[in-house]
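**Q** Spelled out, the chains give:
2 protein chains.
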Amino acid sequence: MDFPSKLIENAVVELSRLPGIGKKTALRLALHLLKAETDTTANLAEALAKMRFDITYCGTCHSISDSAECSICANQLRDHSTVCVVADVRDVIAIENTGQYQGVYHVLGGVISPIEGVGPSDLHIDSLVTRTTAEGSEVREIILAISPTMEGDTTAFYLSRRLREVEHLNISTIARGIPMGGELEYADEITLGRSIVERQRQAR
Amino acid sequence: MDFPSKLIENAVVELSRLPGIGKKTALRLALHLLKAETDTTANLAEALAKMRFDITYCGTCHSISDSAECSICANQLRDHSTVCVVADVRDVIAIENTGQYQGVYHVLGGVISPIEGVGPSDLHIDSLVTRTTAEGSEVREIILAISPTMEGDTTAFYLSRRLREVEHLNISTIARGIPMGGELEYADEITLGRSIVERQRQAR
Chain U
1 MDFPSKLIEN AVVELSRLPG IGKKTALRLA LHLLKAETDT TANLAEALAK
51 MRFDITYCGT CHSISDSAEC SICANQLRDH STVCVVADVR DVIAIENTGQ
101 YQGVYHVLGG VISPIEGVGP SDLHIDSLVT RTTAEGSEVR EIILAISPTM
151 EGDTTAFYLS RRLREVEHLN ISTIARGIPM GGELEYADEI TLGRSIVERQ
201 RQAR
Chain Y
1 MDFPSKLIEN AVVELSRLPG IGKKTALRLA LHLLKAETDT TANLAEALAK
51 MRFDITYCGT CHSISDSAEC SICANQLRDH STVCVVADVR DVIAIENTGQ
101 YQGVYHVLGG VISPIEGVGP SDLHIDSLVT RTTAEGSEVR EIILAISPTM
151 EGDTTAFYLS RRLREVEHLN ISTIARGIPM GGELEYADEI TLGRSIVERQ
201 RQAR
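Taken in order, these protein sequences are the chains called U and Y. With the UniProt record's numbering applied, the first sequence corresponds to residues 1 to 204, in that order. With the UniProt record's numbering applied, the second sequence corresponds to residues 1 to 204, in that order.
Simulated from the structure, these hints should not be mistaken for lab results. C-beta atoms are modelled at their ideal positions from N, C-alpha and C, and glycine is treated no differently. It cannot be assumed that every hint is accurate.
Derived list of chain Y stretches under chain U, where covered just means 3 residues or more per stretch with a C-beta under 8 Å from a C-beta of chain U [what the hints assert, rightly or not]: (1) 9-20; (2) 63-77; (3) 85-95.
Starting from the given sequences, assemble the full structure and let the hints guide the process.
**A** Given below as structure tokens:
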């Protein structure tokens with residue numbers, strides 16, 4: 001694509017490095033910014049740069065944070081004996097938005113994936129084990145909230161092995177089954193099969 | 001949506017002001033930037049700010065430009081007697097990418113739209129008339145390359161009226177008809193009707 005301006009071209013090239021944004025979309029975004037007030041662009045550029053350079057990670061749970069301890073770990077009203085283990089910060093945000101969880105988190109920073117060269121030592125697994133086994137640790141339950149993919153299941157299996165020696169520790173996995181509003185006939189066989197085997201007794 | 005960090009929240013809010021980008025996509029983009037090297041974000045922020053603050057518009061054709069005269073108007077190899085009138089800079093880029101046009105452009109900056117309160121005086125119409133009628137003007141042909149929508153047709157009609165008094169000036173419109181690869185049965189009636197009435201004789 002030819003551009004009438006180097007400035008536009010640079011902006012389009014940088015925008016199209018973002019995931020899911022191609023050259024055409026990038027051009028549309030750039031021209032939108034040109035039409036909008038200068039403040040829109042100034043605020044966007046500043047917010048992105050500030051986010052990237054000023055953000056830190058919580059020393060306990062490795063979630064993104066504005067300070068050395070994230071607001072969830074610092075909150076004494078939350079249940080610090082229950083730790084929900086997730087792959088990514090996005091999962092923390094998703095679970096927080098359900099409003100159903102009162103415990104704390106541990107962000108692994110990914111899942112074990114031999115194909116992409118991600119091993120256990122590349123993830124925050126040692127710090128989870130330390131956090132759980134350290135003297136005076138108040139952790140009593142680990143909830144594995146990892147996506148049920150091949151890599152996710154491998155990671156969950158590895159974590160169970162690492163943690164099974166810890167006394168008085170309950171390890172659970174988030175429930176799997178037919179999603180709310182899901183149609184049985186469109187569910188895959190493995191999900192449907194497991195949801196029958198692991199059927200839940202109804203309260204009477 | 002709750003965010004574990006004010007910095008992330010600000011970035012998401014600013015990103016989601018862009019057209020076609022909702023909160024979820026904005027969060028995905030923000031987390032992508034956090035995982036990527038700091039340079040990616042620094043370059044993006046700088047390219048956007050530079051584009052918005054340093055860009056100028058060509059004094060002749062009103063296209064975006066890095067200097068007072070755009071590279072197309074400054075190019076003496078192009079045919080300055082033919083002016084292609086378009087609504088938007090995006091159209092200049094689209095036509096340039098066909099590689100089929102050797103003339104110059106005139107960017108109106110929009111189309112006449114009473115509903116959105118855009119009148120002829122809000123567009124670069126007077127400068128087009130001046131450019132065409134000025135003494136010593138070399139303009140001999142005006143190609144109206146405006147989208148065939150209600151507003152576009154109104155704008156084209158208005159321009160034809162304003163320019164019809166100019167002597168020795170040919171005014172043309174880009175060809176309309178069935179697009180390449182288009183199926184006749186899916187074409188709308190007006191397009192199909194016009195493409196029969198305005199049929200083109202085949203060279204033998």
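**Q** Are there hints from earlier that the structure breaks, and if so, what are their numbers?
**A** Per hint list: zero violations.
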